[in-house]
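Q: Sequence:
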Amino acid sequence: MSEAAGRQDPEDPARARLTEAVDTSRRDVTWDVLSEKINDLIIITDLNGAIFYASPAARNMGYEPHELIGLTGADLVHPDDLLRFLANRDHAYSGDDVIRQDDREHRFRRRDGKWIWMEGNPSILPGPDSRPAGVLNVFRDVTDRRAARDALREQARRASLLEEVAGVGYWRLDAGTLEASWSAQIFRMHGLPVGDTVALARAMDLIHPDDKAESDARIAEALRTGEGWKDILTRIVQPDGGVCYLSGRGVCETGATGEVIAVFGTVLDVTEQIVAKQALEESERRYRLLAENITDMISQTSVSTGRLTYLSPSVERLTGFTAADLVGARMQDLVHVDDRARFMQSFRDLLSGRREPGQAIRFRARNKAGSWLWLESNPRLVHNEDGVAVDIIDMTRDVGPQQALKDRLREALAEAEQAVQVKSEFLANMSHEIRTPLTAVLGYTSLLAERDDLDAVAKGQVERIAAAGRGLLAIVNDVLDFSKLEAGQLTVTPQPTAAGVLAREVLEMFVFQAQAKSLALRFDSAPDVPDFVALDGRHLRQALVNLVGNAVKFTDRGAVSVSLAYDPAAGRLAVEVTDTGPGIAAKAQEKLFQRFSQVDASSTRAKGGSGLGLAICKGLATAMGGSISLHSRVGKGSTFRLELPAPVVARPVLDDAADVRGDLEGLRVLVADDNPANRELVRAMLEPHGVEVSEVCDGQEALEFAAGLPVDLILMDLRMPRLDGRAAALAIRTGDGPNRDVPILSFSAEHDSSSGRPEPGSLFTGRVRKPMQAAELIGALCQALVDEAAPIEMEPRYAVL
839 MSEAAGRQDP EDPARARLTE AVDTSRRDVT WDVLSEKIND LIIITDLNGA
889 IFYASPAARN MGYEPHELIG LTGADLVHPD DLLRFLANRD HAYSGDDVIR
939 QDDREHRFRR RDGKWIWMEG NPSILPGPDS RPAGVLNVFR DVTDRRAARD
989 ALREQARRAS LLEEVAGVGY WRLDAGTLEA SWSAQIFRMH GLPVGDTVAL
1039 ARAMDLIHPD DKAESDARIA EALRTGEGWK DILTRIVQPD GGVCYLSGRG
1089 VCETGATGEV IAVFGTVLDV TEQIVAKQAL EESERRYRLL AENITDMISQ
1139 TSVSTGRLTY LSPSVERLTG FTAADLVGAR MQDLVHVDDR ARFMQSFRDL
1189 LSGRREPGQA IRFRARNKAG SWLWLESNPR LVHNEDGVAV DIIDMTRDVG
1239 PQQALKDRLR EALAEAEQAV QVKSEFLANM SHEIRTPLTA VLGYTSLLAE
1289 RDDLDAVAKG QVERIAAAGR GLLAIVNDVL DFSKLEAGQL TVTPQPTAAG
1339 VLAREVLEMF VFQAQAKSLA LRFDSAPDVP DFVALDGRHL RQALVNLVGN
1389 AVKFTDRGAV SVSLAYDPAA GRLAVEVTDT GPGIAAKAQE KLFQRFSQVD
1439 ASSTRAKGGS GLGLAICKGL ATAMGGSISL HSRVGKGSTF RLELPAPVVA
1489 RPVLDDAADV RGDLEGLRVL VADDNPANRE LVRAMLEPHG VEVSEVCDGQ
1539 EALEFAAGLP VDLILMDLRM PRLDGRAAAL AIRTGDGPNR DVPILSFSAE
1589 HDSSSGRPEP GSLFTGRVRK PMQAAELIGA LCQALVDEAA PIEMEPRYAV
1639 L
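Note that the working numbering numbers the sequence shown so that position 154 is 992, with each residue one more than the last.
Rather than coming from a laboratory, the hints here were simulated on the basis of the structure. Hints may be right or wrong, so weigh each one.
As the list claims (entries may be wrong) - Each computed DSS-like pair below joins lysine-lysine, with the alpha-carbon atoms no more than 27 Å apart:
(1) 1474 to 1456
(2) 1425 to 1456
(3) 1261 to 1244
(4) 1391 to 1297
(5) 1391 to 1355
(6) 1391 to 1425
(7) 1355 to 1474
(8) 1244 to 1297
(9) 1068 to 1115
(10) 1206 to 1261
(11) 1050 to 1068
(12) 1429 to 1456
(13) 1261 to 1297
(14) 1355 to 1297
(15) 1391 to 1456
Said to hold, decoys possible - Have a look at the derived ranges for each label pair, beta carbon to beta carbon:
(16) 1405 to 1472: 56 to 66 Å
(17) 1329 to 1183: 35 to 45 Å
(18) 1242 to 1182: 24 to 34 Å
Idealized CB from N, CA, C, for every residue including glycine.
Using the sequences provided together with the hints, build the complete structure.
A: And the structure:
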């Protein structure tokens, strides 16, 4: 045995059997030749893996053969490959000859420390008894082959990656077998698992039915003529039914004699591009269809040049110009000169962000015929990728009919406002003309009623005259008040008001009507109702007069009651007017607060009234910030409930007007009125109290009188010839005469919903309304004399007949 073989141990039977097996092998004449001459390293190991023999080829690794004796795989094999190396030995023990190529290759350490790749082929070395005595392994240096194979694998990996990234696949069709070799990307394009080859028939079955015949003809032509093709679009159908678009090229491989041996092709998946192109074409088709058929004009203007770059065909229908006529022009050149500055400013505001995109701009523009059109545009900005505005897209429509309607509405509004003004003037005149004779009627009846020389019959007749006059006055007031409510001209002036006193006085106004029908009048005020609250007493009185008047009018038996309650937490006053009349059906209640509405139209003739009372009550309640409601049952009666904000206020300091009333002797009063009957009535009311009355018939005479003789009070009619009452009062206040600071009461038949107290800085100390009664006139005079600028409205403290 050579020095490269292990020494025999006589006490080791396994070593003895291995030695004998090796000696037996060496008797073969080829052994020495093979072991000495070939470059492959032959190694024999015992059953434990220790090297027993190493051929001279060990020198190729830098080792002498004897240096390897006794070493194991753990001494020479790379740690990462050791398990596979040992597994190969185990395969040899088990007689398994099927070992993967990669599992046969391992890294061995050279003597200089470098690693080389060796391919091993282990086999069992039988002993004399045919049982395994060791393992014979032939190792070949495959470092270069491994590097070349790794390079090929890396190249294939990169090619596959390039395929996947670029979306390009390749294929080769063998002309003899008609089998196609596909790259992995081709399989992925078809939605199939990666394989080796595909039969031509199978490949053609995957082509879209509409493209199959053309593809068959193209392949057949290439195989016949050797001519390829470029950029042919073909559709394939994937297993899930999806369609994939492939753009392909093909070339033919030919043999030495020019025969076609194969067809090689590449394909690029262009599905996304095709789908995007189709979507864009469809969008453009819809946009073109819209632009060609829409009546509005679509335009595009360059921000940098301010000139039109596109106009839809509808521009011709709208303006008479064709798109070619206006492309390159400036839109503002067509805009009316009166609208041009506003038109240009709107676009500057749009570019600067001060104007919302799409906000409408209305202007006049000239058409091709030279006429002016009313147009409305809705411009929006188009930005580039950097967010810079580059274009203005605009949709412009003809708004001529709308503008004409708007102009007509403006004219109609002006006419309506004029009509309202005319109506207001008419109502003011009507108020004045009706109240003037009523002043005499009610004034003289009140004087007659105070006479002691009238018998009961005469007093009753006087009362009937007064009642008729008051009824006429109520109707006039209703019409005028409702007119003011409709026009929103009602003035609400909250003042300290004794609500309980006011409500009781309203109830007392209907004593005679109630007695005539044997009706009981009842009044109740809850203990927590404050003595004084802040509200408009005049409007509350007006609403209660309507409610109580209706209750008395429509109740034939039973009672009419007025009750007050107060919610201190909310600061609200509730006034209820309840009657035992016929009641109101639920259906009729729906329209009860509408104007000119009554439960039964026949009652208008039977009971009288304008049909405005409840509508006025609702308007008054709303104007005062409150509400009115109704609870009624047919046959049981009705309850109307007024709820008003009424915060508690302190009791006002009462003046001494009542004391003054008894001491009017010698008071000098100037009456300025163009109606002799009114002057006579005032004289008749005041002279019994010792008042000295002087009369003038217009404002000019009043001014002249006041400039010479001092008086204690002036009663000034507002409507008079030559110089009206306001002008006369102003002249007196600003003059140097003796009456510059005396109280001046306006004396007018004009209907006014405001308080009778003067406003700060007013020319007048107070107001006396026509028609009037003696008590009202005397009370107003007394109040003015006590405090010319009294800040509160004193409720009358006298009975009203």
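Q: State for each hint whether it applies.
A: Now for the hints, and whether the structure bears them out:
Under the criterion of a C-alpha separation no larger than 27 Å, the hint pairing residue 1474 with residue 1456 is consistent with the structure, at around 23 Å. Between residue 1425 and residue 1456 the alpha-carbon distance is near 18 Å, which keeps this suggested pair within the 27 Å criterion. Taken as a hint, the residue 1261 and residue 1244 pair is honoured in the structure, with Cα atoms around 25 Å apart against an allowance of 27 Å. For the given pair, residue 1391 sits about 23 Å from residue 1297 by alpha-carbon distance, which is consistent with the 27 Å threshold.
A threshold of 27 Å between alpha carbons decides the hint, and for residue 1391 with residue 1355 the separation of about 9 Å falls inside it, so the pair holds. Proximity of residue 1391 to residue 1425 is assessed by CA-CA distance (about 21 Å); at most 27 Å being required, the pair is judged to hold. Proximity of residue 1355 to residue 1474 is assessed by CA-CA distance (about 18 Å); at most 27 Å being required, the pair is judged to hold. With a CA separation close to 63 Å, the supplied pair residue 1244 and residue 1297 exceeds the 27 Å bound.
Distance check on the hinted pair: residue 1068 and residue 1115 sit about 21 Å apart at the alpha-carbon level, within 27 Å; holds. A C-alpha spacing of about 48 Å is found between residue 1206 and residue 1261, which places the hinted pair above 27 Å, so the restraint is violated. For the proposed pair residue 1050 and residue 1068, the alpha carbon gap of about 17 Å is at most 27 Å, so the pair holds. Taking the CA atoms of residue 1429 and residue 1456, the gap is about 12 Å. The hint holds against a cut of 27 Å.
Of the supplied pair hints, the one linking residue 1261 and residue 1297 is violated, its CA atoms being roughly 39 Å apart against a limit of 27 Å. Distance restraint check for residue 1355 and residue 1297: the Cα-Cα separation of roughly 19 Å lies within the 27 Å cut-off, and the hinted pair is therefore satisfied. Straight-line distance between C-alpha atoms of residue 1391 and residue 1456 comes to about 19 Å, which keeps the hinted pair within the 27 Å bound. The hinted range of 56 to 66 Å is not satisfied by residue 1405 and residue 1472, whose Cβ atoms lie roughly 30 Å apart.
Distance hint for residue 1329 and residue 1183: a CB-CB separation of about 42 Å, consistent with the stated range 35 to 45 Å. Judged by the Cβ atoms, the range 24 to 34 Å given for residue 1242 and residue 1182 holds: they are separated by roughly 25 Å.
Hint check: violations occur at hints 8, 10, 13 and 16; the rest are consistent with the structure.
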